[in-house]
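Go ahead and model the full structure; you've got the sequences and the hints to work with.
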Amino acid sequence: MTQQPPADYGTAPDMLGRKIFFSCLIFVLIAGTAVFAWHKHQENLHRERIAETARLSESTSLILSDKTTSLLKGYIASVQIALQTPSMKNYIKDPVQGKQELGDLFLSIAQKRTDVYKIRLIDQNGKETIRSDRAPDGQIFLKAEKDLQDKSDRYFFQNSIKLAPGQIYVTRLDLNMDNGVIETPWVPTIRIITPFSRDGETAEGIFMYNINAGDILSSFQRLNTENTYSDFMLVNESGYYLAGRPEEDLWGFMFDHDTGMHTDYPDVWETLHGQKKQTYHAPDGDVWFAHKIDLQQALTATAGNNIISERQRWYIITHTHPPPPFSLNGPGVLLAVAGSLILMVFSWFCGNGIVEQQKVKILKKDLERRIAEKEEMIALVQTVEREEKKQRQFLNTLLDNMPLAIFVKDARKDFRWVMINKMARRMFGLKPQEIVGKYDKDILTKSEAAAMLTTDRAVMDSGEILELEAERITTAAGTLNLHIIKVPIYDDEHDQALLLTMYKDVSEQVQTQEALKRERDRAEHANQAKSDFLANMSHELRTPLNAIIGMNDLLDTHKLDEENYTAFEVIHKSAQSLLAIVDDVLDISKIEAGDMKLEKVPFDCFEIIHHVTKSLSHLASQKGLTLTCNIGKNDSLIVKGDPSRFHRIMNNLVINAIRYTHQGSVDVTASSIPGPRRNRVILQCDVRDTGIGIPKNRIGAIFEKFTQADTSTTRHYGGSGLGLTIIKELIGMMKGEISVKSDVGIGSCFTIKIPFTTADLAKTQRKKASPQMLPEMHNDRRVAIDKARLLVAEDHDMNRMVVEKLLRKIGCKSFDFAENGQEAVEMATAKKYDLILMDCHMPELSGYDATRAIRRIEKETGRKPPTPIIAMTADAMQGTKEKCLEAGMNEYITKPLNINDMAELLSYWLIFDAQQLSDAHITVSGAAKQETPVPINLVHINDYTDGDKDEQRELLGLFKQQFAESLARLKEQITPGRNKEWSEIAHQMKGGAAMIGAEELRTLCAEAQNKENTTKTERQNLYKEITAAYDSVCSYMEEEELI
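For the sequence shown, this note's numbering begins at -18 and goes up steadily by one.
Any given hint might turn out to be false.
Once the Cα atoms are required to be at most 30 Å apart in a straight line, the calculated DSS-like pairs of lysine-lysine come out as [unchecked claim]:
1. 941 - 997
2. 412 - 485
3. 790 - 581
Calculated from the structure, these hints are not laboratory results. Treat the numbers as computed from the prediction; the structure is a model and nothing was measured.
This is the structure in structure tokens:
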């Protein structure tokens, strides 16, 4: 009987199956463990790569930010210093003489700094005036005049020309453009710009550096080459690529294609944009890092609020996409199991050793990569340090070789001196060890040191650059006149750090200016002597002429026989000719001296032309000529200008035409031509005669002084030869032109074209009443001429007789005479006169001083209304009218006195008998009988108050109070440049003036409102004019008891 094996062991096939089963189970377990271990290892490597990439991205961001900020800070300081160099200042004063010197400075700066691509000086119209360039081979050269470009349409010019002097503008990073086309190969560019100015207030152009940023961006290409699993990119605020991408993807905003982070990875960009530091894990396993670089904030914190920067926010984007860790799903596990079965035996004995060796290799490679990245970081840091060292060396060299004494003080340590350049040591006679580490009190006098410390603190507190002209300072080297510039410098936290002070010895210039001032004073004294001489000659000539013409006017021509009447005509014509010559000589003297001032009041051009032709018609009739005026009697052309000068032009032209015409006619034609703007008009007037004509080769000469067509003309026709010269000069002052066409023996045609601003007829009629009247008298209390009491102050016996006869002839019956100014004051005090005629030049007390005394007494005694005082003067020089009005006179009349002029003037203050004037052949214009203009419109106010006096007082009192408050606020806004607050206050004041009908005051306020952007000097002048007009309004309201 066969023995059966034990049931526990089974058969041989069963044993083999079991062995195979357990072997497979064991090796599967081993293989699974190995795969799991490998998976964990790959995950760890993945995390380490991500962390290392994040650190590299952050360090790159910091290095790039520091490098860029440091580079720009150095060039901002360089731009500020270059602007203060003598070469730049000489150019600003005299561009023609200083151009070569400034060009040499540009070349010197560009040669020392390879990353300065261009240096430009651009005028206020956007035209390049000087420009240095760098060729592709590195050569530096100045652009030829013909190659300079117009940059007026470029954004950087339009933004920087608006800045105030001293401010710095840093542009965005973009590609340089030449002649409107992007330059190739591309040049990434940042521009540093500052305006320059001659007066320190208004920009006259800009000075700029073009910085080549190519070296900054090239580091991204190097980083992408050396890193297998990461891409480094530089992106601007809008999401456009600046570096780290294929060329066709870069600078989308410059090429009008919308390629960038915001289009390629919108979800990533939405998460990263705007964050200072951000990480984004993409669904596909990629990791994105973003680090923001805010250059605008960094520059402002470093250099203060004077830095105006484009929105310079960059993002360093790092895209990490390592190979995916080993997966337990799919074919990976099949490969792992198959490999495990094939290498089952070897894995059994050597698995652990192989895994360890692989780990060592991986760790070794990872370590090498980390070392390379660390070396890259160290190299970048060293590059930044070298750049900073080069900048320090460059600035030190620049400072030491500048012709300015430069000091640097530490504001955090009570303004201790920390640096001094060569020129400063030479100027102050000090060695570095004698000043560095010391204070102002150790170097300067006690008072100078205290003043200096106060100024330094004010500069640091304000954050603004300060310039001091010709300060006198005592040093070890002597007393110097110094031009001082102080520039505050701040640290990254915008705390006070350093104060840069630059000194220029201007002692020689001050001495030169003082010498020039002495010469100018001598010249002004000589000019004043000339003016005094002319004024004296005017007085001396007009005084006897006054007697001749005055007595001649008083002759009763009806009682003269033929012989005496002929003598009368000779005297009259000779006196008028002599008076015309005196006027011509005085006018040409005023024009040559620049003392001729034009008025700007409304008047009717056509009315003046009618008046001239009518007044000269008798002269034409005497020669048998026909004088016609081809303008409709009802036509009018109301403009703003100088009516008296226009009258002089027309009078001279017509008199000339009559003088040189023996037979035929003189025709005057006038018309208006629309001007270039809505309220502008051009007057064209032709004066055509049938006279002797002018040779064509002499037409140009007739406008020269003391010149006529030929010498025979002078002998035959007489005249000073100044008439046409004065006409041309006056027309030129009015911005007009004169031309002439002439044929000998046929006649001439003089044509004038004068541009005017149109005016309102109602205003014209109000002002025509008295164009020279002061707005402080009112004629509601006028008395009749035959009942008026007049005082005549005149020291000349003959003139007293002339005035007496003139007054009697126009109907005045009661008048007293004073022979000097003191007597006039005493008589005016003792007796109330209705009008005073005051000679200006009298013994004991001049007419000016006598008027001031009378006005003072009237004010002290409360006498109202003030007595009208009219000046009688033979002084017809510029400024006489203003001098009379300033003294308190209401009007003035020049000698020789004319009966019509006298009656015309007195009719403003006294009531005339029209029949009596007609019987005496005296003409007084209708305008003279109108109401004297006053500074406020009572009719206008009555419309608001229905004539209620209490309401009028309340309204005018409120106006006075509110306008005074606004005037005080306006004074606070007297600053240079754009000032919206100034315009708003002026607008409010204009409304108040308009409400009470104060037209002159309203006009001045409107002019101030339009000066939102102007100079400080112009605002000061406007403020003074508004104040004077307001004072005049208040004086009138008080005198008329309106408030």
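Hints, verified against the model:
no. : hint      : in the structure
1   : 941 - 997 : holds, 26 Å
2   : 412 - 485 : holds, 18 Å
3   : 790 - 581 : violated, 35 Å
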